[in-house]
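Engineer: Model the full assembly from the supplied sequences, consistent with the hints where possible.
Going down the list, the protein sequences come from chains A, B, C and D. Residue numbers for the first sequence, in our numbering: 280 to 573. Residue numbers for the second sequence, in our numbering: 280 to 573. Residue numbers for the third sequence, in our numbering: 280 to 573. Residue numbers for the fourth sequence, in our numbering: 280 to 573.
Some hints could be false.
Same chains, same names: a pair is fine if it fits in one copy or spans any two.
[Said to hold, decoys possible] DSS-like, lysine-lysine: derived pairs with alpha carbons at most 27 Å apart:
1. 351 with 527
2. 366 with 425
3. 420 with 516
4. 520 with 481
Hint data in this document are derived by calculation from the structure and do not stem from the laboratory. Keep in mind the model is a prediction, meaning the values are calculated, not measured.
Protein chains: 4
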Amino acid sequence: MKSRITFIGLGNMGIGMAQNLINAGYKINVYNRTAAKTQELTGDFEQFQTVIEATEDADIIITMLSDDDALKEVATSKTGFLQIMKKDAIHIGMSTISPETSRELYELHHEKETHYVTAPVFGRPNAAATAKLFICTSGNKLIKEKIKPILEVLSQGVYDFGEEPGAANVVKLAGNFMIMASMETMAEAFTLAEKQGLDREKVAEFFGETVFNAPIYKNYGSLIAKKQYKPVGFKAKLGFKDARLATKMALDVKMPAPLLSLVYNRLMSALANGKGDNDWVEGISGGVSNDAGI
Amino acid sequence: MKSRITFIGLGNMGIGMAQNLINAGYKINVYNRTAAKTQELTGDFEQFQTVIEATEDADIIITMLSDDDALKEVATSKTGFLQIMKKDAIHIGMSTISPETSRELYELHHEKETHYVTAPVFGRPNAAATAKLFICTSGNKLIKEKIKPILEVLSQGVYDFGEEPGAANVVKLAGNFMIMASMETMAEAFTLAEKQGLDREKVAEFFGETVFNAPIYKNYGSLIAKKQYKPVGFKAKLGFKDARLATKMALDVKMPAPLLSLVYNRLMSALANGKGDNDWVEGISGGVSNDAGI
Amino acid sequence: MKSRITFIGLGNMGIGMAQNLINAGYKINVYNRTAAKTQELTGDFEQFQTVIEATEDADIIITMLSDDDALKEVATSKTGFLQIMKKDAIHIGMSTISPETSRELYELHHEKETHYVTAPVFGRPNAAATAKLFICTSGNKLIKEKIKPILEVLSQGVYDFGEEPGAANVVKLAGNFMIMASMETMAEAFTLAEKQGLDREKVAEFFGETVFNAPIYKNYGSLIAKKQYKPVGFKAKLGFKDARLATKMALDVKMPAPLLSLVYNRLMSALANGKGDNDWVEGISGGVSNDAGI
Amino acid sequence: MKSRITFIGLGNMGIGMAQNLINAGYKINVYNRTAAKTQELTGDFEQFQTVIEATEDADIIITMLSDDDALKEVATSKTGFLQIMKKDAIHIGMSTISPETSRELYELHHEKETHYVTAPVFGRPNAAATAKLFICTSGNKLIKEKIKPILEVLSQGVYDFGEEPGAANVVKLAGNFMIMASMETMAEAFTLAEKQGLDREKVAEFFGETVFNAPIYKNYGSLIAKKQYKPVGFKAKLGFKDARLATKMALDVKMPAPLLSLVYNRLMSALANGKGDNDWVEGISGGVSNDAGI
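Structural biologist: Below is the structure:
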């Protein structure tokens, strides 16, 4: 019999993930702060008005929320599920949060005889919808084995980083830093080419087809080359949140990272200029353009 | 009948390229400042002691040299070939040089009723040897058509950037900047992960197999993760030369590029510390490690 | 009759300040975590073993501690003085801490019907000893008037920044950032001059006597020019703490500050390389020298 | 009998300097590209239409021009004075130029048996008018002694940096970098304070009166605090020229200077945004404000 899964957080990412679990035949309960979002789901699922109701009797709880605070609200606050979880139930934390929060959650679950596994994802909403995410995991080995079938339903690949609960978050934040750095790289290169009289789209295509033929360079490269900042795929303020978490993580281990500081300031400037709800591509590429006067 | 080609510059890259032309049945003359290098070539070719002798009667002259000065020496100096080229002969400039030098050469050739086509390459020495280079071109359309078969012998793809002679150099220098920026990106990300207790090789593998699965990230990523700086593939001082040329190019069009400044300073520091002959990966990745105290 | 003052924190700075209050005829109680330090004081004072004993019946409590945590320990922890302060007694916070902590303390004091005034200082230990500090204040106007005579005993000038409790901390942290930025400025300028063949001490003297004839440039300029990093006047780790607090303060109001990021990374690198207990001048100037290979 | 001096370059700075020489009783010839400027001079002087006429029979030639090219035009071009200078006549180069150009001029003069002394100045136009400049010198010792009385007429202090002709230029460019860095420092500090709710003018006043009580911090500090960018005292494009020369000078000796790169990019961005003719204070301080969204 398949486990009963509660899925908390039906944002742009969560909605596709939850749907894939339904499609795979899991019985799922869902909870979202704004209930309307669940109307996008089809098939067999149950919706609840409170976290407590949604998580009672769950074998597995998946959280896919926007930040550390949102996660703590549903997990460890007075109205959170930690207090009522069944013994040996498993919480899979898939949000992009700090390793510190995962380490704390791991301890709290341990005390309650429940389990916490860290499993953040790489991919945009369409990758979530088509089960093409990449998932990084860290935590207790046996528990990770148990949930593997679930993660495989959601992804094209699961990569493990050991038992330390925060490790997968480190990889996720390092990766988001790398994406921002790639955007800065492309924005500077394409803008320089443009100012030298070249067609920036042609330049982007060349690199995306040759030495930089990775999804990040192809997809973001096209958006940056075209200065196409809509529709908003990922908000600048969420990107900045990740730059901030990566900066905090660097501070904790005394890691000077000037390129991280550069993209951190770049996105912070977007927020300071009222563009926090615009796409993070605009936050970075638009900043480079402004500096260059074009 | 195939054209008679003179190939000037048998360095790590040139040697493989010349060999591929020989293998394809071209009659080639070669010239290299240090004649010993030609001993690595096999098959049918002629070696000359001076540029003038090597280029007399050539239909095509290919230059693959280390910098602008070396190119000017063989092309436009008193002992250079420009003065004795046949009318309508073609000079293919494949070195990594400034767009400015290409623009000047184009004009000088034009005055002499000879031709200049810009055709810098992307790829490491083994890509040159296996004809897996990517080539960017710019210059007169008809001339580019004429030399296309030659470039196809050397590469897995030829990408054109129009008639402006410097355009292909802009792409090449922008690309080398992008490679340096990627190395800084990876070095900061992997070092941060390492200081957080993760295995940097595992982190590099993950990114190289997923969102950053491009040659640059796979190949350099592995070197950076392993801190494997030998054998020297491309010297830090040559990398710095390119950072310097890109910086000059940015200056010419008033393009503020803070990430370019960052890698420029990073490599200049390697040179200042006596590491100019070490690999450029060490120049960048070693600098990040030093700052991080590991 | 003069108020009874309790002075908490007899570090390099506090010792001189406490002595000046004794010399001015104030009755003072002192408390320091490591009691030995008080042996440097002369004249009429009383020493206590606990914070509570030291602060009972005090009209005025002055805190001069190394950071936010040390201050919270003596003020708001279970063994702190907040719980036993007399109604209307005044706490003068002179440590270099975050504006946030001052805002919190202000509220907590307000609830207890006691008072908190923010009064951080500029100056090295010898300025503390000779009452040549500059003091910035913020907080309730009437309370600031009341304590003015005390601050005047300690300083050559008191500058007010209004009623918002955190304001004086903002000025102090901004000022410490400016000092670090000046050190980076001088280190780069003098090292550039040195590499160009000039005598860096002569260059430092010139600027210190002419366009930059301010104490910061004269004093730090001489140390930087001579690469004289001992004795340790202010530890790199304390400097980094201030860079960190300034960075946090910038984050809170979304202020991109690339030069702040530069000195933050510079000092963090010193810490990462095991030089946290060396002078902050070495942290910055030594870093510039290392990058320059001299 | 006083030497006959030819003064070339009656810009904002030169006009005051020439007037001071007239006032001191020197017989002076003047030449300026746009003759109208000389109408601002009063007293005994002669104006010429060409450089050659203006410099014939001169014992001393002073040049005070905007850049290296302008200087070469009047000195070493076909219409320049080098060809007609009297044996043992002295050229005092007071412009802000590269050390390289001074080294070249020194050699050229030496070959012609004339002399070149480097003597750039620090100070704004009103300091030039009131003879309050600071002058740095380098070059042949005996020649420097000879011209000392002239330099004393123009300044409040003459500082020597030895016999190497480029040395004084190194100091001048290092100094201009330091001024730009100070502006970035103040702009970041004051903007941070403003965003934290403080009055930036009050903050500027505090620092200008206390730990940073140097002319640079007082004068520029007031302009930056008030965001008062008019009238234009020194154009952003001239400031950028100096950042560019300092960057070139750093490149020549392999000196990584990240803060120099920062202000270089800051001013280049002002130029890229069409603000090259605005004040350099706006170039830097306005850039910081834009990034901060205020």
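Engineer: Decide, hint by hint, whether the structure agrees.
Structural biologist: Results of checking the hints against the structure:
no. : hint         : verdict
1   : 351 with 527 : both (18 Å within a copy, 22 Å between copies)
2   : 366 with 425 : within (15 Å within a copy, 61 Å between copies)
3   : 420 with 516 : neither (34 Å within a copy, 39 Å between copies)
4   : 520 with 481 : between (32 Å within a copy, 25 Å between copies)
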